[in-house]
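Number of protein chains: 2
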Amino acid sequence: MAKEKAVFYHAGCPVCVAAEQQVARALDPARYEVEVVHLGEARERIPEAENAGVASVPALVLAGQAFHVNFGASMADVKG
Amino acid sequence: MAKEKAVFYHAGCPVCVAAEQQVARALDPARYEVEVVHLGEARERIPEAENAGVASVPALVLAGQAFHVNFGASMADVKG
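Line by line, the protein sequences are chains C and U.
Just so you know, the working numbering puts 33 at position 33 of the first sequence, and the rest follows in order with no gaps.
Just so you know, the working numbering puts 121 at position 41 of the second sequence, and the rest follows in order with no gaps.
Okay, chain C solo, but in the shape it has when bound:
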């Protein structure tokens, strides 16, 4: 079975780190290939995140759906 892609977008904030360690790392590695994207560093991926419906970070995009996990920063803040 091909793994589904999961993308975890964050911006390095403390709320982001907690969510990455607890939620993103808790996904089933047998079913999901998890990519962690730091939008402060990979700014060219901001449009891709916004297109997936990401309005704030940290957020997890699973099967094309954006799940915002707690609230670290808005995308407006990430864009600066």
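FYI, nobody ran anything at the bench for these hints, they're computed from the structure.
On a predicted model such as this, the values are computed, not experimentally measured, just so you know.
Cβ atoms here follow ideal geometry from the backbone N, Cα and C, with glycine treated the same way.
Check before you lean on any hint, since a few could be wrong.
[Stated by the list, open to error] Below 25 Å or equal to it, Euclidean Cα-Cα: the simulated SDA-like pairs (lysine to any residue) are: (1) C/Lys3 <-> U/Glu121; (2) C/Lys3 <-> C/Ser74; (3) C/Lys3 <-> U/Glu113; (4) U/Lys85 <-> C/Gln22; (5) U/Lys83 <-> C/Glu4; (6) C/Lys3 <-> C/Pro14; (7) U/Lys85 <-> U/Gln145; (8) U/Lys85 <-> C/Ala30; (9) C/Lys5 <-> U/Gln102; (10) C/Lys5 <-> U/Val87; (11) C/Lys5 <-> U/Gln101; (12) C/Lys79 <-> C/Ala52; (13) U/Lys85 <-> U/Glu115; (14) C/Lys5 <-> U/Glu113; (15) C/Lys79 <-> C/His68; (16) C/Lys3 <-> U/Glu84; (17) C/Lys5 <-> C/Arg31; (18) C/Lys3 <-> U/Asp108; (19) U/Lys85 <-> U/Glu121; (20) U/Lys83 <-> U/Arg111; (21) C/Lys79 <-> U/Phe151; (22) U/Lys85 <-> C/Pro29; (23) C/Lys5 <-> U/Val114; (24) C/Lys3 <-> C/Ile46.
[Unchecked claim] Incomplete in silico selection of chain C near chain U, CB under 10 Å: (25) Glu4; (26) Ala6; (27) Gln22; (28) Val23; (29) Gln65.
Based on the hints, put chain U in the right spot on chain C.
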């Protein structure tokens, strides 16, 4: 290795169902024992959720930390 307990609290709302299907079910079953609690039905568990820091549903409590996944309803709404 003993499995860690993960509790997913929801209230039956559409946002809750999406989060349950995508996020709660995506956790690694080798590491987590996931319990799904419908707070509208199991109202006696509302204090337990609040003590864990749950302010809105859907929420996932992992390792004692509450992660709010998108926003379905506030705990005030759940309590009615």
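Right, here's what the structure says about each hint:
| no. | hint | in the structure |
| --- | --- | --- |
| 1 | C/Lys3 <-> U/Glu121 | 35 Å, violated |
| 2 | C/Lys3 <-> C/Ser74 | 29 Å, violated |
| 3 | C/Lys3 <-> U/Glu113 | 21 Å, holds |
| 4 | U/Lys85 <-> C/Gln22 | 12 Å, holds |
| 5 | U/Lys83 <-> C/Glu4 | 24 Å, holds |
| 6 | C/Lys3 <-> C/Pro14 | 29 Å, violated |
| 7 | U/Lys85 <-> U/Gln145 | 11 Å, holds |
| 8 | U/Lys85 <-> C/Ala30 | 19 Å, holds |
| 9 | C/Lys5 <-> U/Gln102 | 12 Å, holds |
| 10 | C/Lys5 <-> U/Val87 | 24 Å, holds |
| 11 | C/Lys5 <-> U/Gln101 | 16 Å, holds |
| 12 | C/Lys79 <-> C/Ala52 | 16 Å, holds |
| 13 | U/Lys85 <-> U/Glu115 | 8 Å, holds |
| 14 | C/Lys5 <-> U/Glu113 | 23 Å, holds |
| 15 | C/Lys79 <-> C/His68 | 17 Å, holds |
| 16 | C/Lys3 <-> U/Glu84 | 24 Å, holds |
| 17 | C/Lys5 <-> C/Arg31 | 9 Å, holds |
| 18 | C/Lys3 <-> U/Asp108 | 13 Å, holds |
| 19 | U/Lys85 <-> U/Glu121 | 21 Å, holds |
| 20 | U/Lys83 <-> U/Arg111 | 5 Å, holds |
| 21 | C/Lys79 <-> U/Phe151 | 23 Å, holds |
| 22 | U/Lys85 <-> C/Pro29 | 18 Å, holds |
| 23 | C/Lys5 <-> U/Val114 | 21 Å, holds |
| 24 | C/Lys3 <-> C/Ile46 | 24 Å, holds |
| 25 | Glu4 | 8 Å, holds |
| 26 | Ala6 | 7 Å, holds |
| 27 | Gln22 | 5 Å, holds |
| 28 | Val23 | 6 Å, holds |
| 29 | Gln65 | 6 Å, holds |
Of the numbered hints stated above, those contradicted by the structure are hints 1, 2, 6, listed in ascending order.
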